[in-house]
Amino acid sequence: MNNFYNKIKSDKRSAWVAFALLGIMLAAAPYLAAATGGPSWVRIIDFALLYIMLALGLNIVVGFAGLLDLGYIAFYAVGAYLYALLASPHFNIHLPFWALLPIGAAVAGLFGVLLGAPTLRLRGDYLAIVTLGFGEIIRIFLNNLNAPVNITNGPQGVNGIDPISLGSMSLAKANSLAGIAVPSLHQYYYLFLALTLLIIFTTLRLQDSRIGRAWVAIREDEVAAKSMGINTRNVKLLAFAMGASFGGVAGGLFAGFQGFVSPESFGLMESVMVLCMVVLGGMGHIPGVILGGILLATLPELLRYIIVPIQQYFFGKVIVDPESVRMLIFGLALIVVMLYRPAGLWPSPTRKRELVEEA
Amino acid sequence: MDIFLQQIVNGLVLGSVYALVALGYTMVYGIMGLINFAHGEVVMIGALVSITVMQIFFAGAPGLSPVLLVLGALVVAIPVCMAIGYTIERVAYRPLRHAPRLAPLITAIGVSIVLQNLAMMIWGRGYISFPAIFPSGSYDIFGARITAVQIAIVVMAVVIMVALLTLVNKTKMGRAMRATAENPSVAGLMGVNINAVISFTFIIGSALAAIAGMMVSANYGIAHYFMGFMLGLKAFTAAVLGGIGNLKGAVLGGLLLGLIESLGAGYIGQLTGGFLGSHYQDVFAFFVLILVLIFKPSGLIGERVSERA
Amino acid sequence: MKLRHTGLLIISALVLAACGKGEAPAPKADAPKVTPVAAQAGVIKIGLAAPLTGPQAHIGQDIKNGTQLAIDDANAANIEIGGVKLKFELLAEDDEANPKTATVVAQKLADAKVAGVVGHFNSGASIPASRIYSDAGIPQISPSSTSPTYTNQGYKTTFRLVANDSQQGPAIGNYVVKKLGAKKIAIIDDRTAYGQGLADEVEKTIKAAGGEVVKREFTTDKATDFTAILTTLKGLKPDVIMFGGIDPQAGPMAKQMKSLGINAKFIGGDGWQTPNFIKLAGDAAEGGLASVPGLPKDQMPGGKDFLARFKAKYNVEVELFAPFGYDAVNVFIDAMKRAGSTDPVKFLPEVGKTKINGIIGPIAFDDKGDIKDGPITIFAVKGGKWEPLEIVGGPAK
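Chains as they are written, first to last, in this note's numbering: chain A, 1 to 359; chain B, 1 to 309; chain C, 1 to 397.
Keep in mind that the hints were calculated from the coordinates and are not lab data. Where a beta carbon is used, it is the ideal one built from N, C-alpha and C, also for glycine. This list has only true hints and no planted wrong ones.
Straight-line C-alpha distance at most 30 Å; calculated DSS-like pairs for lysine-lysine:
1. K368/C - K173/A
2. K313/C - K385/C
3. K368/C - K346/C
4. K222/C - K248/B
5. K297/C - K355/C
6. K346/C - K173/A
7. K85/C - K346/C
8. K179/C - K237/C
9. K248/B - K296/B
10. K178/C - K385/C
11. K156/C - K173/A
12. K178/C - K265/C
13. K372/C - K337/C
14. K207/C - K237/C
15. K296/B - K226/A
16. K215/C - K237/C
17. K353/C - K368/C
18. K113/C - K173/A
Which residues of chain A face chain C? A partial, calculated answer using Cβ under 10 Å:
19. G37
20. S40
21. L185
Label pairs and their computed distance ranges (CB to CB):
22. D367/C - A172/A: 23 to 29 Å
23. A172/A - G261/C: 52 to 58 Å
24. A76/C - L197/A: 52 to 58 Å
25. I151/B - K382/C: 28 to 34 Å
26. L22/A - A76/C: 52 to 58 Å
27. E317/C - L197/A: 51 to 57 Å
28. K207/C - I151/A: 19 to 25 Å
29. V91/B - A172/A: 46 to 52 Å
30. G274/B - L95/A: 31 to 37 Å
31. D366/C - L95/A: 34 to 40 Å
32. G287/C - E182/B: 54 to 60 Å
33. A112/C - T298/A: 15 to 21 Å
34. V223/A - G188/B: 25 to 31 Å
The shape of chain A in the complex, shown without the other chains (with noise of 0.2 Å):
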């Protein structure tokens, strides 16, 4: 493995050809995942996408900065709001998505500042809590901001959302591209595959930056790194203000895919798997993050397809309800990886120690 990397990084010829296989299996993934599994496949990606986005997100304020955020959910759902109440019939605002798209991840990066410069001076669990509390404030606002004055129109949602469309191009249509026909959730996973690349790449050029650095050195110590001359107020701001500008981007992508949004989609719940992603992965490390969100959000649909099989082979019928069991399995596959692997299952090589209780 080292190995391949070490000869990807020094013989550029290996390095483009290894980049042209990754890009043609990226982009026959949702015609290889149709044809063995059916559409539905390409929806459970599709959702894996916007998933490793929101990880992405909260990797930056939990894995470079260190910042424990139990309340990231609540910037998905800025961002899924704003769409919806930006390009539907609840206010007969129609917004162009290119539009929306910018719009979402400031108002969302807002949001970051603004919770985030209460909390400048908590740390660990502390911050977990508080993060955890906003996260819930917001969450019960939406699901109450229909009186006195219609703002969310409340539990029951914003139905009607526009589907994103290129130019004249919806994607919620199928349409065809120099001979090949695209459906609609194709369409969705290139556009999110794309985002999804842009949101690496980003991530990427800050981990290697100058704020990415100060990340990390107030994850490793803030009082040493404000005697170094770093403002640690700015970059914690900034950490939080990027981390929630992602989550408003996913978000804003989730609401005109589904086409309705309403509170429910932005429970803790959905908190905490994202944050199980990141950590699961093995945070700050990029590609482990990327593996954490491909896995939790596949893992899960994968047991519905293979639990009565699997049943049925070892005791020839079935014994247990699946739906019961899944979440069982669930909870113990993140017992399990956690014990064999308490870094995350790819954690970054040089940083396999992060955040060690000072003990």
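Position chains B and C against the provided structure of chain A, taking the given hints into account.
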């Protein structure tokens, strides 16, 4: 006036419920600096086990006195929860004691999911009602009403707090616990068996969870495999509010949270001219928590631990 | 080097192969996407989507049990359509009451080529999923989603058996003001799409009928402690308290009303007209009122029999929506029989023309797919059991 008094009573009862559960969180945190997110689920198991035991006794000997039924239920539920608590610590936390700090958090979430789904397989998906063994009437105190079970909850919260304080401050085991909390490595060098101390802490915390579970389900007459989640979340909030790791803080935080919630739900509408209503009850609780933590980051009477990241 | 090229070749071949497959459904893309489904071989799959894990799992399981019973009955009846003996199969999926999971599950059911879908439970899940069923041309009957939006989207595939909020709300509101003669009414809802939607409609009707809503209070679908809001209401001395929500809250709420000494009548919708409410509220359940669309089950042909067989098979009481799940399957089978086909393309128009007597009452749909205003029955708890009190006519919309 009697309405206001009633709201105070409501808040105290609700607060005592939170306090009972929060004590378990704070015990573990005080010793290990670890949020045992699965504590709420142990409370849930305690509630379901004690209800099952009561139903069996109730069906077998309908004339049994409520006190005997409660004791019988606790005799079964406490050891069951102790065993679960011990197992959780052994399996999910001990191997990770020197791992990155977030690793035990993930295993705790995993344990919660596993316990919930196990309970769902054992007790089914339905809501289970607490057998009607207690008198349902309520006492009248200056116009405010309170039931026997509610009085018992308030008393239990205080009694358990006092008992725990005695345990921690007056016994040999307590000294070992304090030493472990201060610095585990040094405590180990001084001859304290750290593993035994931590196991003991979990066992005591889980026994509390069993009692809390029974009291909570007796008060609301209801138990369900999912009940631990919200309860645990609120209790954890209460523990942080009071200053996590501090036993008196857990009870203070619990009572305060209960009062904030019931007074908030009762009067927030009048205070904001009808703009905010009782649907913002949880917002109110979290808002106060955030304010407290911003101005006093270690909680109301917590020791200064916020530097420990 | 050689190896790498071979790899490239294989992958490009795979891509091409996959593209080839992808082309197949393409020509139909612009026409309403209707895939001819339901293999005529004799096995007909019916999909079920409901929360089978999480806090609402008990209701999801109830629907699943009811649906399964209908499937078993159909298989025992040896139904033949178009000369083929049919075997029905239930494909149950857990949507976790989560809108995202709901669409994944809907896609999975569409992929599995089910002939019809019973579900989802929550409006928040039914609405996003309905787009997928509509695209696939699969009829969807929700046993329980009450949000008017669900059938208002212009899809031809959406139906529901439960009265929506704007049908049931007026029945409760009018009963409270006109029959109970209440002057001061307090309304509580649980801030879910169901509870809030129903409570809003009740409030509208009460105001229109000349009643006074003294206070709107709120709780959540996870709460167990209602003492704070109930104490506030106690101070306002309402004649009636209406709760829009479901039994895990209504039970403890009734109990706490009693221990706080509130004497107001307690009324709600079908969400807590359940045996579970009586179990959870204990003796405080006595006198509780709830409206349920349809006729009392034991007055329906086959109703008593259904309750008995359900109990015998699953050893639990019917929770809430099991009869709706049962009837939904029978609506599908009836439509298939009339169309003489199990292909959704052929029998979908027949679903809209349904006219049968189900366990829940007479079933017919209006042009949106809502169940036609039927009778609504008010039940009351008497002697620890739900007894039908009065049948009120479906209100004119």
